[in-house]
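Work out the full structure, taking the sequences as your base and the hints as a guide.
Protein chains in written order, with my numbering: chain A, 1 to 348; chain B, 1 to 351; chain C, 1 to 323.
Take the hints with a grain of salt, since some may be wrong.
If we take Cβ atoms under 8 Å as the criterion, some of the chain A residues that face chain C in the derived model are [said to hold, decoys possible]:
1. Leu-79
2. Ser-95
3. Ala-99
4. Leu-106
5. Asn-114
6. Arg-177
7. Arg-182
8. Lys-184
The calculated lysine-lysine pairs, modelled on DSSO-like cross-linking and capped at a C-alpha distance of 27 Å, are [to be verified]:
9. C/Lys-163 / A/Lys-160
10. A/Lys-160 / A/Lys-128
11. A/Lys-128 / A/Lys-184
12. C/Lys-163 / A/Lys-128
Because the hints were derived from the structure by calculation, they are not lab data.
We put the beta carbon where it would ideally sit given N, CA and C, even for glycine.
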Amino acid sequence: MTETAETTETAETDTPVLEARGLVKHFPVRRGWALRGAHVHAVEDVDIALRSGRVTAVVGESGSGKSTLARLLARRTALTGGRLLWNGGEPPSGSRAYASEVQLVLQDPFASLNPVHGLRYILGRALKLHGVPEGQTLDEAIKALLERVSLTPSDQFIEKMPHELSGGQRQRVNIARALAVRPKVLLADEPVSMLDVSIRLGVLNLLADLRDRERLAILYVTHDLASARYLADTITVMYAGRVVESGPAVEVADSPQHPYTQLLLSAVPDPDRDEAPRLTGAGAPPSLIHPPAGCRFHPRCPFAMDKCRVETPPALPVGSPGHTSACWLHESGANTQASPAAGTAGAA
Amino acid sequence: MNAPVLEISDLSVDYGFGPDAVHAVADATLTLRSGEVLGLAGESGSGKSTLAYAVTRLLREPGVITGGSAVFHGDDGPRDLFEMDGEEIRALRWSQISVVFQSAMNSLNPVFTVGNQLTDVLRAHRRGMSRSERRARAAELLDMVGITEDRLRSFPHELSGGMRQRVMIAMALALEPRVLVMDEPTTALDVVTQREILQELGGLRERLGFAVLFITHDLSLLVELADSIAVMYAGRIVEHAPAEALFRTPRHPYTEGLLNSFPALHGERVVMTGIPGSPPDLRGLPAGCSFNPRCAHAVDACKETAPRLLPISWEPAEPRRAACLLQTDGFQAPASLTRTGLRAEEIGSTR
Amino acid sequence: MRILRNRKTLVGLILLAVFVFVGVFGPTLAPYPPLELVGKPWESPSSAHWFGTTQEGYDVWSQFLNGARSILIVSFLSGVIATALSVIIGVAAGYFGGLADNFLSMLANIFLVLPALPFLIVINSYLPAGNKASTALMAAIISVTGWAWGARVLRSQTLSLRKRDFVDASGIIGERAWRIILFEIVPNLVPVIAASFLFTTLYAMGTYVALTFVGAVDVNSPWSWGSMLFWSQSDQAAESGGWVWFAAPGIAVALLGTALALLNFGIDEFINPRLRAAGLTRKGLRQAGLGRRSTLGLTPVVRRTAAAAAAPADPTVIVEETV
Numbered sequence: 001m002t003e004t005a006e007t008t009e010t011a012e013t014d015t016p017v018l019e020a021r022g023l024v025k026h027f028p029v030r031r032g033w034a035l036r037g038a039h040v041h042a043v044e045d046v047d048i049a050l051r052s053g054r055v056t057a058v059v060g061e062s063g064s065g066k067s068t069l070a071r072l073l074a075r076r077t078a079l080t081g082g083r084l085l086w087n088g089g090e091p092p093s094g095s096r097a098y099a100s101e102v103q104l105v106l107q108d109p110f111a112s113l114n115p116v117h118g119l120r121y122i123l124g125r126a127l128k129l130h131g132v133p134e135g136q137t138l139d140e141a142i143k144a145l146l147e148r149v150s151l152t153p154s155d156q157f158i159e160k161m162p163h164e165l166s167g168g169q170r171q172r173v174n175i176a177r178a179l180a181v182r183p184k185v186l187l188a189d190e191p192v193s194m195l196d197v198s199i200r201l202g203v204l205n206l207l208a209d210l211r212d213r214e215r216l217a218i219l220y221v222t223h224d225l226a227s228a229r230y231l232a233d234t235i236t237v238m239y240a241g242r243v244v245e246s247g248p249a250v251e252v253a254d255s256p257q258h259p260y261t262q263l264l265l266s267a268v269p270d271p272d273r274d275e276a277p278r279l280t281g282a283g284a285p286p287s288l289i290h291p292p293a294g295c296r297f298h299p300r301c302p303f304a305m306d307k308c309r310v311e312t313p314p315a316l317p318v319g320s321p322g323h324t325s326a327c328w329l330h331e332s333g334a335n336t337q338a339s340p341a342a343g344t345a346g347a348a
Numbered sequence: 001m002n003a004p005v006l007e008i009s010d011l012s013v014d015y016g017f018g019p020d021a022v023h024a025v026a027d028a029t030l031t032l033r034s035g036e037v038l039g040l041a042g043e044s045g046s047g048k049s050t051l052a053y054a055v056t057r058l059l060r061e062p063g064v065i066t067g068g069s070a071v072f073h074g075d076d077g078p079r080d081l082f083e084m085d086g087e088e089i090r091a092l093r094w095s096q097i098s099v100v101f102q103s104a105m106n107s108l109n110p111v112f113t114v115g116n117q118l119t120d121v122l123r124a125h126r127r128g129m130s131r132s133e134r135r136a137r138a139a140e141l142l143d144m145v146g147i148t149e150d151r152l153r154s155f156p157h158e159l160s161g162g163m164r165q166r167v168m169i170a171m172a173l174a175l176e177p178r179v180l181v182m183d184e185p186t187t188a189l190d191v192v193t194q195r196e197i198l199q200e201l202g203g204l205r206e207r208l209g210f211a212v213l214f215i216t217h218d219l220s221l222l223v224e225l226a227d228s229i230a231v232m233y234a235g236r237i238v239e240h241a242p243a244e245a246l247f248r249t250p251r252h253p254y255t256e257g258l259l260n261s262f263p264a265l266h267g268e269r270v271v272m273t274g275i276p277g278s279p280p281d282l283r284g285l286p287a288g289c290s291f292n293p294r295c296a297h298a299v300d301a302c303k304e305t306a307p308r309l310l311p312i313s314w315e316p317a318e319p320r321r322a323a324c325l326l327q328t329d330g331f332q333a334p335a336s337l338t339r340t341g342l343r344a345e346e347i348g349s350t351r
Numbered sequence: 001m002r003i004l005r006n007r008k009t010l011v012g013l014i015l016l017a018v019f020v021f022v023g024v025f026g027p028t029l030a031p032y033p034p035l036e037l038v039g040k041p042w043e044s045p046s047s048a049h050w051f052g053t054t055q056e057g058y059d060v061w062s063q064f065l066n067g068a069r070s071i072l073i074v075s076f077l078s079g080v081i082a083t084a085l086s087v088i089i090g091v092a093a094g095y096f097g098g099l100a101d102n103f104l105s106m107l108a109n110i111f112l113v114l115p116a117l118p119f120l121i122v123i124n125s126y127l128p129a130g131n132k133a134s135t136a137l138m139a140a141i142i143s144v145t146g147w148a149w150g151a152r153v154l155r156s157q158t159l160s161l162r163k164r165d166f167v168d169a170s171g172i173i174g175e176r177a178w179r180i181i182l183f184e185i186v187p188n189l190v191p192v193i194a195a196s197f198l199f200t201t202l203y204a205m206g207t208y209v210a211l212t213f214v215g216a217v218d219v220n221s222p223w224s225w226g227s228m229l230f231w232s233q234s235d236q237a238a239e240s241g242g243w244v245w246f247a248a249p250g251i252a253v254a255l256l257g258t259a260l261a262l263l264n265f266g267i268d269e270f271i272n273p274r275l276r277a278a279g280l281t282r283k284g285l286r287q288a289g290l291g292r293r294s295t296l297g298l299t300p301v302v303r304r305t306a307a308a309a310a311a312p313a314d315p316t317v318i319v320e321e322t323v
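Rendered as C-alpha cells:
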C-alpha cells in the first residue's frame with residue numbers, strides 16, 4: 001500500500017471521473033421569525049476531483065459541510081451554484097442514470113437497512129433496478145456481491161435479516177448494495193464512524209481493495225484524520241463550508257500548511273507524541289448563517305492578518321504539485337510554513 | 001502510590017433476572033487512587049458504562065447488581081456503596097462522587113437557565129447557603145471551567161456543545177467531590193473542543209485534587225490522558241496496567257489487537273487489520289476465554305478455561321495484570337506480548 | 001408467537017373469541033327469535049327463560065344471543081374501512097409533505113374536531129328508512145368519523161420513518177416513490193396500523209351502540225345489544241325489576257370493549273420494547289422476593305450468599321440462600 005511515484009504521476013494527468021467546480025449550497029432557514037430570509041451557507045465555492053483508482057478523503061468537523069458535499073456529488077441535494085463534470089463533460093441526466101454511475105453509502109449501519117427485509121430482497125432490488133449482469137440469475141448475482149464484500153459463505157448470508165448481522169457486516173451489505181448498480185464512483189459518508197474500533201479497519205481495507213482491484217473512484221468523508229491518512233491518496237480539509245487545504249494524503253497529514261489543519265493535528269489524540277500538545281488556536285467553528293467575512297477561519301487563527309478579514313484566500317500552491325492551501329500566508333509563491341505542532345510530532 | 005479512594009471487588013451486574021439474564025459485567029476488580037485518572041476502555045458490549053453506572057447505583061431497570069462490593073473511602077471512612085440505603089447514597093452522590101453522563105448535552109433541562117440548574121445542585125445539598133451565596137458560587141464554578149458569568153442567564157440551547165459540556169463538568173464539581181466518573185464525555189464533540197476541555201480538566205484536577213474514572217472507546221486518547229488503563233471485553237477486565245506500559249508493551253491479545261486498530265499519524269503506511277470478527281453477543285458467549293474466537297494466539301486450553309485477571313507470571317513485580325492463559329505458568333506467550341522496557345524510538349511504528 | 005406470551009393479549013383474545021362465537025352461533029343457539037311473544041311480561045330469570053322476559057314477553061336470553069352479530073360486523077367493518085382510509089391519507093400526507101400534507105392534515109383536523117355523535121345522528125336522520133337497517137352502510141358512515149385519529153398517528157410515524165436512512169438508501173439506488181411507500185414504509189407501520197385498527201374498532205362499537213341506544217338507527221333490524229338497551233330504557237326496565245334486560249347487554253358491551261383494549265395494550269407493549277423489558281423484569285424481581293418497583297437512582301443489589309445476614313427490612317438489598 002505504499003504510494004509509488006509512478007501512480008502519483010499518471011493519476012494527475014487523468015481526467016477525473018467526477019469533478020465539482022465552484023459548488024455552492026445554501027439552505028434556507030425555516031425556523032425563527034428573526035432569521036426569515038436568511039440562509040445557512042453550508043458549502044461555498046468547493047472544487048474537488050475524483051479519479052479512478054484513487055481515494056479522496058474529505059476531512060472536517062461537524063458543520064464543515066463535508067456530508068453536504070457528498071450529497072451534492074450524489075445529486076441527492078440540489079446545487080445552489082457551481083457545476084458537476086462527468087469525464088470532463090455533462091453528467092448523465094435523469095436520476096436513475098446518474099444513480100447507476102454514482103452511489104452513496106451512508107453512515108449509520110443500523111439505520112440503513114430496512115429491518116423488515118432480508119438481504120436477498122435488499123440486494124435483489126438494487127440489481128433489478130439496474131440490471132442483473134449477463135448470464136447470471138438473480139441469486140447468483142446476489143451471492144457474487146456478497147463475496148465481493150467478504151460476507152461468506154454467501155449462501156448463508158443471503159438468507160439473513162439485518163438484525164442478525166453485526167455493525168461491520170451491515171456496513172458491508174450497504175457497500176454491496178452500492179456496488180450492485182456497478183457504479184464508477186463510490187461516495188462513502190463517514191462509513192466507519194459508528195462501528196466498533198476493532199472492525200473499522202476491516203471496512204477501510206475493503207474500500208482500499210475496491211480502489212485497487214476495481215479501480216473505483218472513492219470519496220471518503222470522515223472527521224478522523226488518522227484514518228484518512230491510512231486510506232486515502234488525497235486529503236481535502238474542509239472548514240465552515242470551504243476547502244482550506246488539499247493535497248497528497250501523507251504530506252497533508254505530516255506537514256500541514258493551513259493553520260486550521262495544523263490546529264487539527266495539534267488536537268488529535270496521538271499516543272506517540274513526546275510532549276503535551278499545544279493548541280494553536282481557540283474558539284469554535286463560526287455560524288454558517290452569518291459567516292465571517294474574508295477567510296472563515298480568521299477569528300481563530302493565530303496568524304490572522306488584516307487581509308484575511310476582508311478577502312477570501314484562493315487555493316494557493318504549496319509544497320509538492322497538487323498540494324494547495326487557501327491561506328494568505330502562502331501568497332507570492334511563499335515559503336512552506338513550518339507548523340508549530342509538526343516539530344513535536346516527530347516524523348519518522 | 002496514592003491511597004485508594006474507590007475499591008471495586010468482584011463486581012457482577014446482570015440485565016434481567018433468572019436464566020435469561022445477560023451478564024453485562026462479571027467479576028470486575030479495580031482500584032481508583034486519589035488524584036489519579038483511571039481509564040476504562042472497551043467497545044460495545046464490553047460493560048464499561050454498565051460498570052460505572054452500577055457503582056454509583058444509577059443503573060436503570062432492568063439492571064441488577066448481583067455480586068461484589070464497591071468500597072468508597074469518603075469523609076466518614078470506607079463504606080460499601082452496595083450496603084447503603086437510598087438516603088445515604090443520595091447524600092454521598094454528587095457531594096463525594098459525581099458523574100458526567102454520556103449524553104451530557106441532553107442532560108441539561110432545556111426550560112431552566114444554566115444558573116438555575118447550578119444553584120439547584122447547591123440548594124439540594126447545601127441547605128445552609130443563602131441565595132446570594134449560591135449565585136456567587138455558581139458564578140465561581142462557571143469561571144472555573146472558562147465560561148463568563150453572564151452565561152448564568154442563558155438557556156442550554158443558547159450554548160454550543162462544548163460549553164454545555166463544560167457546564168456539566170462545573171455542575172459535577174459543584175460540591176468538590178473526591179471522585180468524578182466521566183462516561184464518554186467528549187465523544188460527541190469535535191476534536192479541538194475535546195482537547196480544550198481535557199486540558200481544562202487537567203488544570204481542575206491539579207487545583208481540586210479529585211480522581212477521575214474516564215470511560216471511552218478511544219484508547220489512543222486514554223494513553224495521553226490516563227495514569228492507568230483497564231481494558232474491558234465482553235463484561236470482563238482483560239488487562240490493567242499503567243498507561244504508557246499498556247501502550248508500549250501490551251500483555252493481552254485483545255489489547256494488542258485494539259492498539260493495532262488505530263492508524264498512526266506518522267511513519268510509513270502499512271496495512272493494519274484491526275481484529276477479525278466482531279464483539280460477541282453477551283447472550284451467547286464462547287466457552288472458555290470470551291476472546292478466543294478472534295484471538296490470533298489462542299491455544300486449545302483457551303476454549304476450555306476462562307482466564308482470571310492475574311499478575312503476569314514472568315514479571316510478577318510489575319504493577320499490572322492480564323486475564324490471559326498465555327501469561328500464566330505453563331504457557332509461553334508470543335513475542336509481541338512479551339516485549340519489555342522498550343522506548344518509543346526502538347518500537348517505532350512497526351506495531 | 002411471542003406476542004401471545006403476554007397475559008393481557010391472551011385474556012383479550014380469549015374474551016374476543018367468546019364474543020365471536022356468540023356472534024356466529026348465537027342466533028342459531030337462541031331458543032326463540034328476539035321479537036316473539038313467548039311468555040308473560042317481566043318474568044324473572046328461570047329455567048324456562050334464563051334471563052327472564054321483557055315488558056312485551058320476549059325472551060331476554062334470545063335477544064342477548066342475537067345481539068352480538070350486528071355489533072361485531074359493524075364494528076370490524078367500520079374498523080377496516082376507517083383504518084384503510086387512515087393509512088392512505090396519513091401515509092400520503094407524511095411522505096409527500098408540502099401542499100398535499102397541508103390539505104390532508106386540514107381535512108383530518110376538521111374530522112377530529114367534528115362532534116361525532118351529533119354528526120352521525122344528523123346523517124342518519126336523512127337516510128330513508130330502509131337504509132337505516134343496512135349494516136354495511138352503517139359501518140361506512142361511522143368510519144367517516146373514525147379515520148382521522150389514525151391518520152394523524154400514521155402521518156407522524158411516516159414523517160419520522162421518511163427521515164430514516166434506509167428510506168434514503170432506497171431513494172439512492174433509484175426506487176420510485178410508490179414502491180418506497182408500499183414496500184419500505186408501510187411494512188414498518190404494521191404494528192401501529194394493527195393498534196390503530198383495534199382502537200378504531202372499539203370506537204366504532206361504542207358509537208354504534210350509542211346510535212342504537214339513542215334511536216338514530218333502526219332499533220329492531222338488525223337486532224343488537226344496543227336495541228336491548230334502547231327498549232329496556234324506554235320500557236323503564238329499572239323501575240319494573242327487569243334489570244337483566246339492560247345489565248346483560250351493558251356488561252357484554254363493556255367486556256367486548258375491554259377485550260379490544262387488552263389486545264391493544266398487548267400490541268403496544270410489543271411495539272415498545274422498553275415496556276416489554278420492564279414487564280419481564282418486574283415479574284422476575286417479584287419471583288425473587290422484591291415486592292415493589294426498583295427506584296430510579298437506586299439500582300437493586302441481589303446477592304446469593306450462604307447465610308441470610310443483612311436485615312430484610314431494606315427492600316433494595318436481598319440476601320438469598322444458595323441454590
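Original post:
Against the structure shown, which of the earlier numbered hints fail to hold, in ascending order?
Top reply: As far as the earlier hints go, 1, 7 and 8 are violated by this structure, in ascending order.
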